[in-house]
Amino acid sequence: MNSWLLTSIIFVPLLGMGTVLVVPPHLIRRTALLFTLLAFLLSLGILPHFLGTPIQVFGADYQNGFKLVDRLPWIHSGGFAIDYMVGVDGIGFPLVLLTTVICLLACIASWNITKSPRGYFALFLLLETGLLGVFTALDFFLFYVFWELTLLPMYFLIGIWGGPRREYAAIKFFLYTLLGSVLMLIVMLWFFFASNDQGAHTFNLIRLTTPGVLPAFATHKAMWIACFTMLYIAFAVKIPVFPFHTWLPDAHVEAPTPISMILAGLLLKMGGYGLLRISYPILPHAAAVQAVAWTLGILGVINIIYGALCALAQTDFKKLVAYSSISHMGFVLLGIALLTQAGFQGAMFQMIAHGITSAAMFFLVGVIYDRVHHRDIPRLGGLAVQMPIYTGLAILGFFAAMGLPGLCGFIGEIYVLLGSWQAQVLGPVGAKVLTVIAAVSVVLTAGYILWSVQRVFLGAAKPEYEGVPEISGREILVMAPLGALAIALGVLPWQTVFTFVSGTLDHILKLVA
Amino acid sequence: MDGLTPEHLRYLWPVLALIVTLGAILVGALIGREGSGRRGLLAAALAGLILAVLLALRLNPHSALRTPPSGDWLSRYLFLDPLYRFVIIYLSIFLGGILLVSNSLWRRPTWEWPVYLCLLIGSLIGMILLASARHLIFLAIAFEMASLPSYVLVGFRRFNTKSAEGAAKYVVFGAVCSALMIYGISLLYGVTGTFDWEQIVLRLAVEGVPPLAVAALVCLFIGLAFKISLAPMHFWCPDAFEAAGADVAAWLSVGSKSAALLALARLAHILLPSISPGIRDHAILLVAVVAIVTMTVANLSAYWQTSVKRLLAYSSIAHAGYIVCGVLVLADTAGTAAIVAYILVYLLMNLGAFSVTGLIEAQNGSDHLDNFVGLGTRNPRLAAVMTFFLFSLVGLPPLAGFAVKWILLSTLWQHELAFVVVAILANTLFSLFYYMRIARAMYFSSPQPVPSLQLDGGSPLATIQVPGLMVAVLAVCAAGLIALFLGWGLLNNLSLSLFAT
Amino acid sequence: MLEAVIFFLLAGLAVAAGVAILLSTSIVRMAYWLITMLIAVGGLYFLLGAYFVGVIQILVYVGGVAVLLVFGVMLTSRQLAPKLRPGRGEVVWLALVGFVLLEALTLSILHTRWQQNAMAPANSVGEIGRSLLGEFLGPFELVSVLLLVAMLGAAYLARPKVPTQGPQHAKGTTVP
Amino acid sequence: MMGLTPYLILSAILLVLGIAIVISKRNAIAMLIGVEFILNAATLNLVAFSRHGIGGLSGQTAALFVIVLAAAEAVVALAIFLNFYHTIATVDIDQGDQLKG
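Residue numbers (the numbering used here), protein chains in the order written: chain A, 1 to 513; chain B, 1 to 501; chain C, 1 to 176; chain D, 1 to 101.
Bear in mind the hints are in silico, worked out from the structure with no lab data behind them. Note that beta-carbon positions come from the ideal geometry of N, C-alpha and C, so glycine has one too. Some hints could be false.
Said to hold, decoys possible - Straight-line distance between alpha carbons at most 25 Å, and here's what the computed SDA-like set of lysine to any residue pairs gives: (1) LYS162/B / LEU82/D; (2) LYS172/A / ASP370/B; (3) LYS432/A / ALA216/A; (4) LYS319/A / LEU309/A; (5) LYS172/A / GLN465/B; (6) LYS432/A / LYS319/A; (7) LYS115/A / SER445/B; (8) LYS115/A / ARG381/B; (9) LYS172/A / GLU416/B; (10) LYS172/A / LEU425/B; (11) LYS172/A / TYR303/B; (12) LYS172/A / LEU429/B; (13) LYS162/B / ARG26/D; (14) LYS172/A / SER301/B; (15) LYS221/A / ALA418/B; (16) LYS162/B / ASN60/B; (17) LYS162/B / THR87/D; (18) LYS162/B / LEU75/C; (19) LYS162/B / GLY56/D; (20) LYS172/A / LEU300/B; (21) LYS162/B / ILE23/D; (22) LYS162/B / ILE88/D; (23) LYS172/A / SER445/B; (24) LYS172/A / TRP304/B; (25) LYS162/B / ARG159/C; (26) LYS172/A / PHE430/B; (27) LYS510/A / ALA216/A; (28) LYS115/A / GLN465/B; (29) LYS115/A / ARG378/B; (30) LYS172/A / ALA426/B; (31) LYS172/A / LEU328/B; (32) LYS221/A / PRO398/B; (33) LYS221/A / GLU416/B; (34) LYS115/A / ASP370/B; (35) LYS221/A / TRP413/B; (36) LYS115/A / LEU429/B; (37) LYS319/A / VAL468/A.
What the hints assert, rightly or not - Residues of chain A clear of chain B, computed beta-carbon distances all greater than 12 Å: (38) ASN2; (39) ARG118; (40) LEU152.
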């Protein structure tokens with residue numbers, strides 16, 4: 001019954017961590033690469049299970065719609081019923097694949113880490129295990145454990161290998177996330193003891209979505225609003241949504257390049273995924289409340305506009321990319337908040353697209369930083385002359401983030417905007433107003449991306465960058481797959497993403513509506 | 001004499017073994033040449049502890065000999081239930097670990113070693129009996145038996161100003177609290193005419209609780225709260241821990257606190273369900289407020305500390321505040337079980353953290369936070385295990401500190417004490433700050449030579465040598481924290497089984 | 001009647017001793033007032049007919065503890081801190097709190113229904129001995145261990161600094 | 001014939017005096033004296049209860065134990081104070097300022 005495929009994907013990096021800790025120093029990098037590659041190859045094994053079959057989830061049966069479920073009893077004592085239970089559905093599986101891809105590329109991008117590489121790669125692999133666990137866990141307790149497991153390695157990766165203000169950034173990241181975790185813990189307690197699954201309490205995320213399993217929640221409005229709010233804050237810290245976003249620029253700027261890739265590409269997705277996996281299916285009544293939709297929608301729009309405006313004002317290249325992340329993740333929140341099919345699909349697509357483009361952008365910034373040792377946009381310029389190949393790849397990456405049609409960023413944004421235009425939940429006019437405001441960001445995004453491209457790559461070659469080496473083969477190896485994915489997702493959105501996610505998303509939407 | 005049956009005698013054997021060990025060490029020290037035979041005495045002490053554990057293991061884990069005091073001799077003074085057995089095993093093993101650590105850290109003249117061992121074993125006997133006492137005079141004596149050696153142990157580093165001062169503060173504070181406790185006992189005796197806790201409770205349940213008995217119970221609580229270091233009886237704790245050696249601090253932080261906690265839990269467990277709901281609610285509220293104040297004050301004070309032992313002392317006060325919340329839950333045995341599970345894991349975390357601190361102190365002559373700077377590069381393994389202990393103290397998965405906090409929180413939540421849950425979680429957030437200061441020092445700050453801290457010509461930046469026995473202790477603690485997280489169902493089962501009767 | 005007079009005399013003495021200690025600044029006087037209180041309380045035991053406890057009180061407390069205290073005072077009291085006298089505000093505050101506490105305790109005492117019987121006949125030493133080895137056998141045994149450990153600890157602390165006996169000891173003793 | 005109540009009230013007064021001494025004095029030995037007051041209040045209670053027929057003889061025996069405990073505690077406390085005095089040549093608790101926080 002258990003296929004062990006997901007389990008092996010999750011724990012291969014952990015095994016890698018153990019191996020990294022004992023191998024001789026010159027083999028550390030290769031060992032880490034081997035294990036991330038192994039995880040990636042294994043995760044490709046999920047793909048056949050999702051080809052050709054329409055995906056339905058959350059059926060009456062436990063595993064209907066969830067593939068590759070591994071289930072083992074973990075703690076069954078003193079009234080607890082906690083299982084080790086992992087499985088993937090349409091929204092989990094693309095994120096698992098994204099995780100293994102980005103981690104593989106980030107591992108290659110980490111090749112030039114020189115400061116205690118053993119610790120670095122050990123924590124890196126631990127982080128990958130945590131991320132994979134979050135995207136596959138089907139037991140709330142297990143989800144929480146993996147959620148927290150991503151916290152510790154990230155704290156040290158920023159704090160030890162980060163930039164000059166790394167201590168501050170690391171502790172800020174830690175605190176914000178732990179605040180969210182604490183609230184999630186309360187909700188977890190609440191759900192567990194309120195649940196009644198055939199006479200027993202349960203942590204099972206699938207059972208919790210079943211109507212009637214949380215009897216008290218069906219009648220007490222205040223209860224589900226309270227739980228929804230606490231969960232929302234936990235996830236909003238990760239997305240990150242205004243006003244919980246302030247850790248992000250610090251953390252991104254201080255983190256080393258590969259860690260920024262993972263942070264932007266994967267960690268932020270934990271928030272959006274959490275909303276889709278836990279908040280909306282388990283508390284559908286709360287999600288359907290107009291005030292909730294308004295709040296989330298407005299916060300999403302604020303994120304979009306505020307992030308874009310801040311990005312426009314930055315002179316630090318990495319900070320610019322960080323704020324653009326905030327702006328792009330705003331689309332995820334907006335798409336989810338307004339409860340339309342197109343919005344949900346757009347949000348999910350945007351998560352994956354942003355995973356690719358933000359990883360690419362952070363990597364591109366890192367490439368420049370390695371060469372010129374600063375990220376000050378006004379001091380850069382004319383790099384196109386010295387580094388033509390790099391410039392080509394960079395422009396591809398940045399345009400993908402900008403939302404140029406044909407590249408991946410476009411699809412997500414346009415779907416979200418389409419969805420929010422059609423939304424019913426805010427009355428006839430409200431959603432349209434939000435849509436129009438959000439659409440303004442397209443101009444802003446184009447503004448800061450084009451402007452920075454112009455300032456960094458175009459213009460006359462500056463003498464101080466004479467002889468800056470061109471992008472290396474290893475760096476192309478990282479960038480090329482990201483570029484290819486950006487094009488593939490942009491050209492074939494249905495075949496690459498929507499076909500997998502739509503069934504699951506429709507089902508979640510059905511629960512809410 | 002009234003019935004001292006072999007069955008009851010078996011319950012006495014472990015304690016007798018410890019007393020004999022104590023005597024043997026004294027005699028051994030007298031016979032042996034002064035200043036020799038440290039290893040032999042250590043071996044004797046460990047053998048005595050192992051013997052006590054083995055004898056305790058032979059006890060029937062399920063029989064609860066709570067017969068009336070007329071029935072036999074021993075159960076007149078002690079609750080001879082599974083918890084008694086647990087306390088012997090738990091504290092003896094813990095003291096074994098402490099002795100291994102002490103042996104590694106020992107820098108004092110050899111002739112002091114047997115005194116040290118005897119004091120530790122003496123306090124162990126006191127703690128075991130304190131945790132199980134049912135006869136209040138016996139409880140008071142056990143309390144002193146646990147306290148007096150502790151006072152001396154804190155001041156053990158003679159002619160050290162800090163140590164002498166810490167011991168003086170500790171003994172004055174302790175004397176006041178124990179005197180108040182004894183006054184409370186005398187009042188309870190007057191109200192009920194007996195010293196036996198079960199009969200006292202019976203009397204109070206039948207005849208109601210007069211105001212004088214309330215005053216008496218508060219006095220009793222003050223005494224135990226002193227040992228547990230609940231606010232406002234916690235002031236001794238940072239002073240004493242900073243004054244004491246790291247090993248003694250570890251012993252006190254876990255040993256005396258858990259003994260008093262178990263005593264409190266046991267007394268409350270019998271008392272509170274029997275008395276009228278009005279008084280019970282007030283008692284619960286009182287304990288809840290004390291617990292919340294304790295954890296908040298401790299966590300807020302801890303941030304400013306630069307002495308790591310002092311910081312860990314505040315951490316132990318905060319944890320005492322968390323653990324005592326288990327007393328709030330009376331409807332079933334889950335509350336006490338949560339306490340047992342927590343102190344089990346707490347032992348591992350604190351023994352580990354204090355041992356590492358002791359190593360640093362032994363190396364550099366001070367436990368100032370600066371001495372931890374750069375430990376991440378100087379000795380990555382030591383820094384890694386210290387990080388384990390710190391994160392477990394914060395209560396983060398995947399370490400056992402999270403599991404026990406979870407057990408405690410879920411127990412509280414089930415009994416609709418959500419405000420306590422919120423207080424504990426908020427305090428967990430606060431506590432992150434100061435635990436992270438140690439982690440930050442170890443990893444984030446770049447090591448810089450601190451000339452003033454050099455001792456014995458050794459540079460603070462030199463790699464720290466960890467003695468073999470210490471490696472074993474630290475490895476067991478760290479591995480235990482992961483194992484008990486993965487298998488915390490076992491932990492839960494074990495602690496629940498102690499109250500299965 | 002005579003009993004009442006003696007009671008109030010002794011009680012007055014004990015309370016006066018306490019008040020005197022509160023007001024005193026000299027640690028030596030405090031120690032002597034303590035002895036006064038101890039003797040007064042011992043007298044009350046005799047008045048109650050608890051002769052054995054009274055004897056022990058005089059022997060152990062007055063003869064042992066108090067003498068020890070006086071020795072302690074003699075050995076340490078060269079520097080008397082002037083701030084030993086409580087400040088005026090402190091006195092008021094203390095008096096107030098003390099009064100409230102006392103009031104509460106007294107009221108509770110007066111309102112408790114004691115299950116008291118007639119004055120029990122005076123006990124012989126033999127009966128107390130039997131009780132010591134009967135009901136109190138456990139505490140009796142434990143207290144002997146306690147005394148052993150306490151003596152060991154006190155002796156350790158009071159032991160004068162050991163003269164250095166060679167290099168390995170010299171190193172050991174100087175390490176804090 | 002004196003009743004029980006006067007003894008109890010005297011004991012309460014002694015307790016309050018003891019607490020007041022402990023709180024108001026900063027000298028370690030003076031604080032110990034306050035502790036002796038509290039302990040004597042407790043023994044007085046025990047003996048009075050016992051002699052007025054509450055709990056039989058056990059109150060008096062318990063009083064003996066309290067006296068022994070007080071003695072043991074005083075011995076240890078004085079040893080610690082002496083050591084403290086030897087070390088920093090004072091027994092005034094406030095003068096120790098090595099331990100801050």
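Status of each hint after checking the structure:
Restraint check: the Cα-Cα separation between LYS162/B and LEU82/D comes to about 14 Å, which is no more than 25 Å; the hinted pair holds. Taken as a hint, the LYS172/A and ASP370/B pair is honoured in the structure, with Cα atoms around 22 Å apart against an allowance of 25 Å. Pair hint LYS432/A plus ALA216/A does not hold up; C-alpha atoms about 36 Å apart against a cutoff of 25 Å. Our distance criterion of 25 Å between C-alpha atoms is met by LYS319/A and LEU309/A, whose separation comes to about 12 Å.
A distance of roughly 34 Å separates the Cα atoms of LYS172/A and GLN465/B; the hinted pair therefore is violated under the 25 Å criterion. Taken as a hint, the LYS432/A and LYS319/A pair is broken in the structure, with Cα atoms around 31 Å apart against an allowance of 25 Å. The straight-line distance between the Cα atoms of LYS115/A and SER445/B is roughly 14 Å, inside the 25 Å bound, and the hint therefore holds. Pair hint LYS115/A plus ARG381/B holds up; C-alpha atoms about 16 Å apart against a cutoff of 25 Å.
Among the hinted pairs, LYS172/A with GLU416/B is inconsistent with the structure: their alpha-carbon atoms are about 32 Å apart, more than 25 Å. The hinted pair formed by LYS172/A and LEU425/B meets the criterion: a straight-line CA distance of about 18 Å does not exceed 25 Å. A C-alpha spacing of about 16 Å is found between LYS172/A and TYR303/B, which places the hinted pair at or below 25 Å, so the restraint holds. A C-alpha spacing of about 12 Å is found between LYS172/A and LEU429/B, which places the hinted pair at or below 25 Å, so the restraint holds.
Our distance criterion of 25 Å between C-alpha atoms is met by LYS162/B and ARG26/D, whose separation comes to about 18 Å. Under the criterion of a C-alpha separation no larger than 25 Å, the hint pairing LYS172/A with SER301/B is consistent with the structure, at around 21 Å. Between the alpha carbons of LYS221/A and ALA418/B the distance comes to roughly 18 Å, so the proposed pair stays at or under 25 Å and holds. For the suggested pair LYS162/B and ASN60/B, the alpha carbons sit about 46 Å apart, so the restraint of at most 25 Å is broken.
This hinted pair checks out: LYS162/B and THR87/D have alpha carbons roughly 9 Å apart, not beyond 25 Å. In summary, the hint linking LYS162/B to LEU75/C is supported, as the alpha carbons are separated by about 21 Å, within the 25 Å threshold. Between LYS162/B and GLY56/D the CA atoms are separated by roughly 48 Å; this puts the pair beyond 25 Å, and the hint is violated. Using a Cα cut-off of 25 Å, the hinted pair LYS172/A and LEU300/B holds, with the two alpha carbons roughly 18 Å apart.
As the CA atoms of LYS162/B and ILE23/D are separated by approximately 23 Å, the hinted pair is consistent with the 25 Å bound. The hinted pair formed by LYS162/B and ILE88/D meets the criterion: a straight-line CA distance of about 10 Å does not exceed 25 Å. The straight-line distance between the Cα atoms of LYS172/A and SER445/B is roughly 17 Å, inside the 25 Å bound, and the hint therefore holds. For the proposed pair LYS172/A and TRP304/B, the alpha carbon gap of about 19 Å is at most 25 Å, so the pair holds.
Distance check on the hinted pair: LYS162/B and ARG159/C sit about 18 Å apart at the alpha-carbon level, within 25 Å; holds. For the hint pairing LYS172/A with PHE430/B, the CA-to-CA distance comes to about 13 Å; that is within 25 Å, so the pair holds. Taken as a hint, the LYS510/A and ALA216/A pair is honoured in the structure, with Cα atoms around 21 Å apart against an allowance of 25 Å. Proximity of LYS115/A to GLN465/B is assessed by CA-CA distance (about 23 Å); at most 25 Å being required, the pair is judged to hold.
A distance of roughly 14 Å separates the Cα atoms of LYS115/A and ARG378/B; the hinted pair therefore holds under the 25 Å criterion. Between LYS172/A and ALA426/B the alpha-carbon distance is near 16 Å, which keeps this suggested pair within the 25 Å criterion. Only pairs whose Cα atoms come within 25 Å are accepted, and LYS172/A paired with LEU328/B is rejected, the gap being roughly 34 Å. Between LYS221/A and PRO398/B the alpha-carbon distance is near 34 Å, which puts this suggested pair outside the 25 Å criterion.
Between the alpha carbons of LYS221/A and GLU416/B the distance comes to roughly 19 Å, so the proposed pair stays at or under 25 Å and holds. Under the criterion of a C-alpha separation no larger than 25 Å, the hint pairing LYS115/A with ASP370/B is consistent with the structure, at around 22 Å. The straight-line distance between the Cα atoms of LYS221/A and TRP413/B is roughly 20 Å, inside the 25 Å bound, and the hint therefore holds. With a CA separation close to 30 Å, the supplied pair LYS115/A and LEU429/B exceeds the 25 Å bound.
Straight-line distance between C-alpha atoms of LYS319/A and VAL468/A comes to about 23 Å, which keeps the hinted pair within the 25 Å bound. Consistency note on ASN2/A: stated as away from chain B, and its beta-carbon is indeed over 12 Å from all of that chain's, at 18 Å minimum. Not every CB of chain B lies more than 12 Å from the CB of ARG118/A, the least distance being 8 Å, so the non-interface label is violated. A Cβ of chain B approaches the Cβ of LEU152/A within 12 Å, the least distance being about 6 Å, so the stated non-interface status is violated.
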